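With the hints as your guide, set chain G onto chain B.
Line order of the protein sequences matches chains B and G. My numbering applies: residue 1 is where the first sequence begins, and numbers increase by one. My numbering applies: residue 293 is where the second sequence begins, and numbers increase by one.
In short, the hints are calculated from the structure, not lab data. Fair warning: there could be bad hints in the mix.
If you want a taste of the chain B side facing chain G, the calculated C-beta under 10 Å gives, among others [claimed, not checked]:
1. F2
2. G24
3. I29
4. G31
5. R40
6. N185
7. K187
This structure is a prediction, so every number in the text was calculated from the model and none was measured. Virtual Cβ for every residue (Gly too), placed ideally from N, Cα, C.
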Amino acid sequence: MFHTDYVAPASLEELLTALHYYAGEAKIIAGGTDLVPQMRLGRINPRVLVDPKRLPSVGISETSSYIHLGASVTHTQVVNSPLLQAEYPALVDACHQVGGPPIRNRGTLAGNLANASPAADSALPLLVYEAQVVTASLAGERVIPLAEFYIGPGQACLAADEFICELRLPKLPPRTLSIFLKLGNRKAMAIAVASVAVRLSLDELGRMTEARIALGSVAPTPVRATQAEAILQANFLDGEVISTAAEAAQQAASPISDLRASAGYRSKMVTVLTRRALQMVFSQLTAGEAHV
Amino acid sequence: MSDIELHLVVNGAPCTVQAEPCLTLLEILRDKLGLTGTKEGCGAGDCGACVVLMDGQAVNACLVLAAQAQGAHIITVEGLAQEGNLHPLQQAFVDKWALQCGFCTPGMLMSCYALLLGNPDPSPEEIREAIAGNLCRCGTYQSVVEAVLSAARSTREARHA
Numbered sequence: 001m002f003h004t005d006y007v008a009p010a011s012l013e014e015l016l017t018a019l020h021y022y023a024g025e026a027k028i029i030a031g032g033t034d035l036v037p038q039m040r041l042g043r044i045n046p047r048v049l050v051d052p053k054r055l056p057s058v059g060i061s062e063t064s065s066y067i068h069l070g071a072s073v074t075h076t077q078v079v080n081s082p083l084l085q086a087e088y089p090a091l092v093d094a095c096h097q098v099g100g101p102p103i104r105n106r107g108t109l110a111g112n113l114a115n116a117s118p119a120a121d122s123a124l125p126l127l128v129y130e131a132q133v134v135t136a137s138l139a140g141e142r143v144i145p146l147a148e149f150y151i152g153p154g155q156a157c158l159a160a161d162e163f164i165c166e167l168r169l170p171k172l173p174p175r176t177l178s179i180f181l182k183l184g185n186r187k188a189m190a191i192a193v194a195s196v197a198v199r200l201s202l203d204e205l206g207r208m209t210e211a212r213i214a215l216g217s218v219a220p221t222p223v224r225a226t227q228a229e230a231i232l233q234a235n236f237l238d239g240e241v242i243s244t245a246a247e248a249a250q251q252a253a254s255p256i257s258d259l260r261a262s263a264g265y266r267s268k269m270v271t272v273l274t275r276r277a278l279q280m281v282f283s284q285l286t287a288g289e290a291h292v
Numbered sequence: 293m294s295d296i297e298l299h300l301v302v303n304g305a306p307c308t309v310q311a312e313p314c315l316t317l318l319e320i321l322r323d324k325l326g327l328t329g330t331k332e333g334c335g336a337g338d339c340g341a342c343v344v345l346m347d348g349q350a351v352n353a354c355l356v357l358a359a360q361a362q363g364a365h366i367i368t369v370e371g372l373a374q375e376g377n378l379h380p381l382q383q384a385f386v387d388k389w390a391l392q393c394g395f396c397t398p399g400m401l402m403s404c405y406a407l408l409l410g411n412p413d414p415s416p417e418e419i420r421e422a423i424a425g426n427l428c429r430c431g432t433y434q435s436v437v438e439a440v441l442s443a444a445r446s447t448r449e450a451r452h453a
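Just chain B, same shape as in the assembly (with noise of 0.2 Å):
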């Protein structure tokens, strides 16, 4: 039992309030699935929890240039959304794999955002799709590209007043195809040794115009490898780019020994699920999957 007080606003703006007049001794609840936890083992011990459940929920939208994914939205959301896996594989494949199927229920893709863990599953489609992340506080609005939104292990650069309304997914180029992998002690409810997301988008030609790979478990926060990144732009997808682009992605990881993996491991395993990520995304292209 926790010893903490509850209010769900029923308004963005009472939220707001709520989270600015407690400054800092407030934690935002969602699905409970890190937060409950965390209090259990007495990390965290916060005065009041804020819940934004009964704040109208707009749930997975598309305006002309995004889709919008609500403050709400869980990860079985996701994985049932038709839009998502129409276009965006690769974070309903990463959705599917996060814990088993009563965390997916009630976990939030911007809970697991907040919660900054370096192994966040959906972080990584996230970061290829080049999300951005909408924020509210007193102070006003911020619109925070993904890739600058962590600072550290379990650190994002969030106010303590401040609180995730949406996730936007820019609308992909066509003839883009993406994927995520994900390597694990067991299938299911496990936290990623290493993991990958890869998005491709090509030319008429077959020219890759957008390379962007991410990685998890390997650095203090998801990281995007760059340097694979710059190899494959502007090129064509072959066996031997594949090679070094999978071999370049090392130079982003800076993995850690933990329970789970030796940071050497780690290494070795960025490079294989890179190539892996790329080889899948060369199958598909070949097999003429490519969306045109």
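Chain G alone, transformed into the frame defined by chain B:
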């Protein structure tokens, strides 16, 4: 903090409980309502022993705070049997020996029940995925898969009979 008046519909029956807002739903069910079928294993969402249905979805009751469940419809393992007759899923667990010590069974049943609600004819792979959040230290997983397949089959046959 002061108690809240918590309104729930548990296994079809409306009930009202006075409780601290940050008790867990698991504590409400076990300690306030005496529904001890739902078990506490890890208390951290890892083991699935406390899985119940909240508004039709499988959730870990240890991770839901009482106040978050305000107004929700909850189904626990006690809600499966009807008029003294085991639910076909429970009967299949008995017939297929899908349990040994039984501690994981209520959570396992509720995960499988949630699966069958949305997918009356699941594949073995879909069943394995549905129970991915339920640990069984006796290792009955394969029997659980067989039990769910058997329950789905018998429900189908009953419908066509």
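| Contradicted hints - numbers only | 2, 6
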